[in-house]
Amino acid sequence: MISQVFILSSKGDHLIYKDFRGEAGKDAVNKFYEMVTALTGGQPPVVMKHKELHFVHIRQGGLYWVATTKADASPFTIIEFLNRLTALVKDYCGCLSEKSVQMNFALIYELLDEVVDFGYIQTTSTDILKNFIQTEAVSSKPFSLFDLSNVGLFGADTQQNKVAPSAAATRPIVSSQGEQGGKNEIFVDVIERMSVVIGANGVLMKADIEGEIRVKCYMPSCSEMRIGLNEEFSIGKSQLSGYGAAVRVDECSFHQAVRLDEFDTYRILKVCPSQGEQTVMQYQLCDDLPTAPPFRLFPSIERDSGGRLLMYLKLRCDLPPKRSLPLLSLFSPSLFSSLSQELSSPDQSAELQPKNKAVHWEIPRFPGGAQLSALFKLEVSGLSAASLQEVGPVSLSFELPKYTSTGLQIRFLRLSPIQPGPSQRWVRYVTHSDSYTIRI
Amino acid sequence: MTDSKYFTTTKKGEIFELKAELNSDKKEKKKEAVKKVIASMTVGKDVSALFPDVVNCMQTDNLELKKLVYLYLMNYAKSQPDMAIMAVNTFVKDCEDPNPLIRALAVRTMGCIRVDKITEYLCEPLRKCLKDEDPYVRKTAAVCVAKLHDINAQLVEDQGFLDTLKDLISDSNPMVVANAVAALSEIAESHPNSNLLDLNPQSINKLLTALNECTEWGQIFILDCLANYTPRDDRESQSICERVTPRLSHANSAVVLSAVKVLMKFMEMLPKDLDYYGTLLKKLAPPLVTLLSAEPELQYVALRNINLIVQKRPEILKHEMKVFFVKYNDPIYVKLEKLDIMIRLASQANIAQVLAELKEYATEVDVDFVRKAVRAIGRCAIKVEQSAERCVSTLLDLIQTKVNYVVQEAIVVIKDIFRKYPNKYESVIATLCENLDSLDEPEARAAMIWIVGEYAERIDNADELLESFLEGFHDESTQVQLQLLTAIVKLFLKKPTETQELVQQVLSLATQDSDNPDLRDRGYIYWRLLSTDPVAAKEVVLAEKPLISEETDLIEPTLLEELICHIGTLASVYHKPPSAFVEGSRGVMHKRLPARTGSGEGTECPDVGNAAGGSAPEAAPSIIPSQGDLLGDLLNLDLPAVLLPLMGAGFGAAPAVMPASLNAPVGGGLGDLFDLGGGVGMPMGAYIPPKTVWLPAMKAKGLEISGTFARRAGVIQMELVLTNKAMSVMTDFAIQFNRNSFGLAPAGPLQVLTPLGPNQTIEVSLPLSTVGPVMKMDPLNNLQVAVKNNIDVFYFSCQYPISMLFVEDGKMERQVFLATWKDIPNDNESQFQIQDCHLNSEAASNKLQGSNIFTIAKRTVEGQDMLYMSIKLSNGIWVLAELKVQAGNPNYTISLKCRAPEVSQCVFQCYEAVLKN
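Protein chains in written order, with the UniProt record's numbering: chain V, 1 to 440; chain R, 1 to 917.
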């Protein structure tokens, strides 16, 4: 049972405060801010306790979203709820920011009243709530250069055409006047996160993919949408047969609104998308990638005569040649005092980050099939044979647009009934690195 | 214009301006004004002065404006109860509105106005809304009953709302069912015995049907409610499990966890040889693994739960080791939890993989994480015997890096490895000794010293090594000092010729130059031992040590069972029972796992140990868990039981050098011995009330039972006299207690071995435990007993003197007493008079001590003795007392302070009983 819900800016300003059960005072808000800012690194901040009050919070859009409880409530419920709440606010106000929350406080209060009653969560479905909400959303400027929150996923690729404009997906879902030309748009995103560990001997030790299909719908009257996946899509190990380039995942879970009657035979998901954003399918694949991991590293580390550590890194991208990689950064934890480097191309850069004890190598463009190299010379105080062991793993972070590592594709996207007027359907793919580690 | 402007007005006449705007004729302007008011309210400004003006805006057909006004009302009604009455008429009218949204809004808001006067007006509209045709109104009304119950529980019962609420469980709309269940569950928590949620196979069936239809949040309410049900047998349990299992693939992790909770609980009842049991185990793994792909916040909460599940049923996740490998970008708190689970899952099958991972972690950047990883390697060595050698060589590699904190951690764990595998890895000692100088943490220094002392005969320069530590003896922490003392004594016993000087030096440092009582006492013990009987000293100090076992920091089984019943809740994150952090009546009920039916197995799963590493089953009872606290370890180890008789003899002739302050608190088990030696008289026996007749023969077909309660040597006993006044022989006696305030339960069967013939009497004493189920009784010390024999079952109730629950270690430290006395609010203090008592304070104190009421301090003010006493009850409640005794006045005054003031009355009765007998 949720006792209070409040939203704080990163500076601790009260944006929204709602008390549901009258069992805790308003001073809890300041207490929370005090506690959360006083946390040190190692402490888990998820659940905090002050006297009889328990705080559960998440951070989204630079804001603290906090719920308190006095009972032995379920933190899962509360965290899920807070995540849904941010999604709702995003649906109704367009984007998540201090400004949009401030501008729409009356709307958010109204939402909170419908979503939670006496601490019991009622519903978090944008569709159902539409029937009850009276207040109109006030939209901030649709897109600004400084608002980078939406650039991360697809923005880096905007120079290439055929990609949806990034501002399109950040306007409020619910608008009665049909502003912005009332575009009938639907976005289907396939997002995959990859975690890979490659051992010092080049052996792939672990490769996991977590993926999801997310639908964001702006259509007011869409009764049914059919999403066709690859026909050879299979779930679980046992179904794998023959050599075919089967697209396989281990585990799959679906949103409860998804109907699966055609899934088994035709791999079609049937959804009645409510307006707003929802994740229709989540899947995982462990330890059995259909293709080789996209990057390989060939390190060699030695001591030179001058007592320096020489780190020669060769990085190969095993993606098909046409692809290119927008950004890659590389960390290599170690304890060094100074650095000199030779890189294979001028647009790359490398620096020493003493705080993280890491060397950071940034590669803005990396064509598929290419191989880049770098030589780092590092001054180490008191170099010994053991310091070689101290050089930690290399971690890569990257973002591959238009690429899914499982090979999952959307075959088609059909809407019924046929939409009156022009409608646009966007399908977007991206693979992120969740944790891509190569050991040395 | 946007709403954000509301936040920026800070002019002086603001309230005045708002007032004018609120009374404007234009609707738009009114609405804007109310918004401004609410914005001010949010940032914490006091706008309560506008109450009448805002309430005036309430009568409108504009729903948006109405909602805004209600928002304001909910916030300020409590501070202006008289004004709030003004709003009632509109509420009542709104409850009749044709628009269901307005009806629901009114009933929802009224419930949130926590003003007593309003509640009476709420009843009629609420009754109507509970039977409304619109489900939206009904579901809102269901919640409103819970709100009303929170304000005025009696009213809700009197008005019969609870019955209406129960009817709503059968409603056609699943949303209404879910809210009714939620409301009833909450109300039921404050009435533990009311049986409000009458869970039976029929109602369970209804809930399971609604489960498939309602929203995800409703599913959570229903699943949590199901978890409180105890199925009648394994078949019912299985059928519920089958219907709950589909929830495991839900996208909402809260639903998944609630389902896991239900399954973990009901699984307990399934026979293990059942096919379905295995299927269920397999089905539980994927959803748990899936949770780990969520945001770090959820991951952390999930890992804390998985930690519990792994301890209860390691077989579920034994093949999933890899998902617990840390990612470099995991937050540190996630990393540490994962590491913990990795060790719990480590077994011979996967140890190579785990060890390779751990070795990588030990070269990472984060110091806390590296330390924990090094420790984990040590724990693996202890847990999986086959891997010990590889673990040790890994640790040696790490020591070679010379990274300071890695070396220190490694030495601490190597000490534990030596404890587990004595005389096996001594070859590494040389390497360890090389790093002696770099050790600066007490724990590492102490561990190293222990190693040197333990293997002194194999280290040529052991005396030099230890001597080097001795130079800065007084700057070391206690842990190191104690360890050094023991190590040098060991060295002396092993190489007496060369080290006599050293041992004398350390003994004098420890006894004469130290203020630390633990150190001093240990010094004296060694001193006397060595001077009295070196052979005995050798036997004692170099005694065989018990092996340590691998199951470190396991959660104690009863707590684990309770936590399993709370999977997914805060309790599972804190790893504490809800009663430890939830106030009041809520959550105080202890949940238990159901017992398995059918096969005769106990609740413990016997293959836990097998799955966990194969070596657990042969763990003999003498094996103690290795403790993180080295000090604790050593105190326990180096003074095994053999020591005690020796000690007694030794103290008969206490040496003259013994400081006078020996009565200062002493550590460990030595306290008792000093007490004896110091000549404190044996305490008098505890007070035992005379036997009374509990069950007259008239009422029990000829069986008469009389008895009393006593506490003897720390054991509570019920002493019964059974008399057969009937004509026939009685056999097959058995006894059972109802749940009671302190969890009293028979610790064994009633020992009536021979048949009880006519006119025969038998005396039995029944030992009692205090770990039974708890329920508050009235009066508190009431006990309801059922006695069975071959004729019938008889019930009686009796009251026990609460003094038999006073435990022997109830003597509080003075400082603690003082702090606690201040800390307990004055409201919890109660005063009583004891009349006609002719003891002086000394005698009273002695008498009370016999019943474990300990006098901590005594003060004399103007001829009046003030005695301060402490009592500890078997359930951990402390009672503090102040007893005023005036010479010549037979009336004592006693003040009792306790965090649970209910017990005060009973405690007072004990005082009276003890003092007057």
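Possibly wrong hints are sitting among the right ones.
Unchecked claim - Computed footprint of chain V on chain R; a stretch qualifies when at least three of its residues, placed anywhere within it, have a C-beta under 8 Å from a C-beta of chain V:
1) 34 to 44
2) 59 to 67
Stated by the list, open to error - With a straight-line cut-off of 27 Å between C-alpha atoms, the simulated DSSO-like cross-links for lysine-lysine are:
3) R:K318 x R:K402
4) R:K788 x R:K811
5) R:K916 x R:K691
6) V:K357 x R:K359
7) V:K51 x R:K576
8) R:K359 x R:K372
9) R:K29 x R:K93
10) R:K359 x V:K314
11) R:K847 x V:K377
12) V:K206 x R:K131
13) R:K725 x R:K691
14) R:K776 x R:K725
15) V:K31 x V:K206
16) V:K26 x R:K45
17) V:K355 x R:K318
18) R:K318 x V:K26
To be clear, the hints were calculated from the coordinates, so they are not data collected in a lab. Virtual Cβ for every residue (Gly too), placed ideally from N, Cα, C.
To see whether the hints hold, each was checked on the structure:
1. Check result for the region 34 to 44 of chain R against chain V: holds, 6 residues qualifying (beta carbon to beta carbon below 8 Å, three or more required).
2. With 3 residues carrying a beta carbon less than 8 Å from a beta carbon of chain V, the region 59 to 67 of chain R meets the three-residue requirement, and the given coverage holds.
3. For a cut-off of 27 Å, the pair hint linking R:K318 to R:K402 is broken: about 35 Å separates their Cα positions.
4. Restraint check for R:K788 and R:K811: the C-alpha separation of about 40 Å exceeds 27 Å, so the hint is violated.
5. Straight-line distance between C-alpha atoms of R:K916 and R:K691 comes to about 17 Å, which keeps the hinted pair within the 27 Å bound.
6. Between V:K357 and R:K359 the CA atoms are separated by roughly 19 Å; this keeps the pair inside 27 Å, and the hint holds.
7. For the hint linking V:K51 to R:K576, the alpha-carbon distance of about 15 Å falls within 27 Å, and the restraint holds.
8. Of the supplied pair hints, the one linking R:K359 and R:K372 holds, its CA atoms being roughly 11 Å apart against a limit of 27 Å.
9. Only pairs whose Cα atoms come within 27 Å are accepted, and R:K29 paired with R:K93 is accepted, the gap being roughly 25 Å.
10. With a C-alpha separation of about 25 Å, the suggested pairing of R:K359 with V:K314 holds against the 27 Å cut-off.
11. Between R:K847 and V:K377 the CA atoms are separated by roughly 82 Å; this puts the pair beyond 27 Å, and the hint is violated.
12. For the hint linking V:K206 to R:K131, the alpha-carbon distance of about 58 Å lies beyond 27 Å, and the restraint is violated.
13. Between R:K725 and R:K691, the direct Cα distance comes to roughly 18 Å. Compliance with the 27 Å bound is thereby established for this hinted pair.
14. At roughly 35 Å between alpha-carbon atoms, R:K776 and R:K725 are farther apart than 27 Å, so this suggested pair is violated.
15. A distance of roughly 43 Å separates the Cα atoms of V:K31 and V:K206; the hinted pair therefore is violated under the 27 Å criterion.
16. With a C-alpha separation of about 12 Å, the suggested pair V:K26 and R:K45 falls inside the 27 Å cut-off, and the hint holds.
17. Proximity of V:K355 to R:K318 is assessed by CA-CA distance (about 38 Å); at most 27 Å being required, the pair is judged violated.
18. Restraint check for R:K318 and V:K26: the C-alpha separation of about 46 Å exceeds 27 Å, so the hint is violated.
When held up to the earlier numbered hints, the structure conflicts with 3, 4, 11, 12, 14, 15, 17 and 18 and fits the remainder.
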